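Asker: As a plain string of letters, each chain reads:
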Amino acid sequence: MKTVVVPARAAWSSVIRAGAALTITDLHGNQAVDFLVYDAHDTSVRYSAPDTIHAQGGIFLTTGSVLMSNEHTPLMTVVADDVGRHDTVGGACSKESNTLRYGHHTWSQHACVDNFLAEGAKHGLGKRDLVSNINWYMNVPVEKDGTLGIVDGISAPGLSLTLRAERDVLVLVSNCPQINNPCNGFDPTAVEMTITEAGGA
Amino acid sequence: MATATTYGARDHARAQEGTRTEAMPVVPASSWPEPPCEASRLVWAETVAGGNYTHRVLARGTEFRLTDTHGDACAHLLLHHADRPWERLNVADTVKVQWNAYLGEGVLLLSDQGRVLASVVADTSGRHDALCGTSTLVRNTERYGDGTPQSPSPAGRELFKLAAAKNGLDPRDLPPSLSFFQGVRVRDDGTLDFTGSVGPGGSVTLRAEQDVTVLIANVPHPVDPRPEYVSTALEVLAWRARPTRPGDALWDATPEGRRAFLNTAEFLAARGIA
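One line per chain: the protein sequences are B and R, in this order.
Mapping of the first sequence onto our numbering: position 124 corresponds to residue 124, and the numbering continues sequentially without gaps.
Mapping of the second sequence onto our numbering: position 140 corresponds to residue 140, and the numbering continues sequentially without gaps.
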């Protein structure tokens, strides 16, 4: 078992071998964890929000949800979840989208896409490799008229979820630095990553 | 006609000129029989067969209308900046920035760079989807027995790969796509309702706000519940028009949209384009 604390605003990545589990713990509560996953041996096969949504018939992730690739093959499965639902729709914050969402004064702030670019580069990934991502612990309801938005989280300190790798995968994480919306209570905090090899070693 | 000789084969091939089928490009576009504007402004006139694809580079300011002529088209759409394809449609930003998951008149199709690639000028269908993407080889093989491009049930992603390749792009350049004419709605618990088509004749008109590469796959929606592969023709017409400008209603329709247009204008001005 290997445990790493990812500080507020930081990026993290790891290869998770087939059968191993990744547990993400929301140490302080209400922290959005932006998450992308790739086939470790062919990164052109990567998480697909739309395939995941249509495979399970809904936009929220929880226990039993299978994270599907753009070739409609399973990458990881949610095998435990203390929270109940997680976001597939909102994607990552970026310096560019922040100028639209809040105003140009946000340009100098930290953003998830920059984390993904920097961390992805360590694995040979570039801008073309970034797609709509999962936001663990982020709460994005959709109203009858289609109105959607990031609202107060439903997580709490110490809650966690566990993902099982269905093949060797590369996971990229941006521990969201957003300070303009409630995705992390306007206050980014640390999260914990625990990798448990198959068989519990 | 005898085709045993080169002369005969040549005559046979040349005799085909002028053949009209339902699904084909009409070239020049100005010869389209029922132009929606002065025929001389048309730059693209095509009927895309069910289970087929098309692509075109459109200049900023071009309007393009997609029409579901028979009621069972589904136009899966991707947009890339024409000469900077790493700037491309970002579906998550499109729905998040505009605070709405549903597509319709007035919606801006945003790039990942905080700019507008295209806007939705008109919509008579209202049955669209930004959540489910397109179909894949694996899934179509499970559902219909095959999903390869030359099969009777091509998958959207396989067709997008071909359309992308013809524009120098590869599968890594294919992000989540939008689809028009087959609707999906989200229930309170996050599950999906497939609402299908509005029927024959629904149309949506988009306007290129930058020079864009348009990729279109016309295949069944991935959650279409019908066991058979149903995909009918999609009409595509494009004509010269003008991009959204300051003072237009759409420019100031929302604060987020206004900033997206301002970002776009700044980018184009710096390049000496507009």
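If you are wondering where the hints come from, they were derived from the structure by calculation, not from laboratory data.
These numbers come from a predicted model, not from an experiment.
Some hints could be false.
Stated by the list, open to error - Far from chain R, by Cβ distances over 10 Å, these chain B residues were calculated:
(1) Ser-48
(2) Phe-60
(3) Lys-95
(4) Leu-100
(5) Gly-146
(6) Asp-152
(7) Gly-153
(8) Arg-164
(9) Thr-196
To be verified - Covered stretches of chain R, as calculated for chain B (at least 3 residues, CB under 8 Å):
(10) 1-8
(11) 66-76
(12) 205-216
Stated by the list, open to error - Rough simulated footprint, nothing fancy, chain R against chain B, three-plus residues with beta-carbon under 8 Å:
(13) 16-23
(14) 101-111
(15) 127-139
(16) 179-190
Glycine included, C-beta positions come from ideal geometry on N, C-alpha and C.
Asker: Test coverage of the region 179-190 of chain B by chain R using CB-CB distances below 8 Å; three residues minimum.
Answerer: Since 0 is below three, the answer is violated.
Asker: With d taken as the least Cβ-Cβ distance between Gly-153/B and chain R, does d exceed 10 Å?
Answerer: Holds: least Cβ distance 16 Å, greater than 10 Å.
Asker: Would you check whether the claim that Gly-146/B is not at the interface survives, using Cβ distances to chain R and the 10 Å cut-off?
Answerer: violated, 3 Å
Asker: Count the residues of the region 127-139 of chain B whose Cβ falls closer than 8 Å to any Cβ of chain R, and tell me whether that reaches three.
Answerer: It holds: at least three residues are needed, and the region 127-139 of chain B offers 7 whose Cβ sits within less than 8 Å of chain R.
Asker: Are there three or more residues in the region 16-23 of chain B whose C-beta lies closer than 8 Å to some C-beta of chain R?
Answerer: violated (count 0)
Asker: Quick one: see if chain B covers the region 66-76 of chain R, three-plus residues with Cβ-Cβ under 8 Å.
Answerer: violated (count 0)
Asker: Since Arg-164/B was said not to touch the interface, does its Cβ keep a gap of more than 10 Å from each Cβ of chain R?
Answerer: At roughly 20 Å from the nearest Cβ of chain R, Arg-164/B sits farther out than 10 Å, so the non-interface label holds.
Asker: Grab the minimum beta-carbon distance between Ser-48/B and chain R and tell me whether it stays above 10 Å.
Answerer: violated, 7 Å
Asker: At 10 Å, judged by beta carbons, does Asp-152/B keep clear of chain R as stated?
Answerer: Nearest chain R Cβ is 16 Å from Asp-152/B, so the label holds.
Asker: Using C-beta distances, would you say chain B covers the region 205-216 of chain R, given that this needs three or more residues below 8 Å?
Answerer: Per the Cβ count (0), the hint is violated.
Asker: Given as covered by chain B, does the region 1-8 of chain R meet the bar of three residues or more with CB within less than 8 Å?
Answerer: Not satisfied, violated; 0 residues make the cut.
Asker: For Lys-95/B, is the shortest CB-to-CB distance to chain R above 10 Å, so the non-interface label stands?
Answerer: violated, 8 Å
Violation of the numbered hints given earlier is confined to hints 1, 2, 3, 4, 5, 10, 11, 12, 13, 16; the remaining hints are satisfied by the structure.
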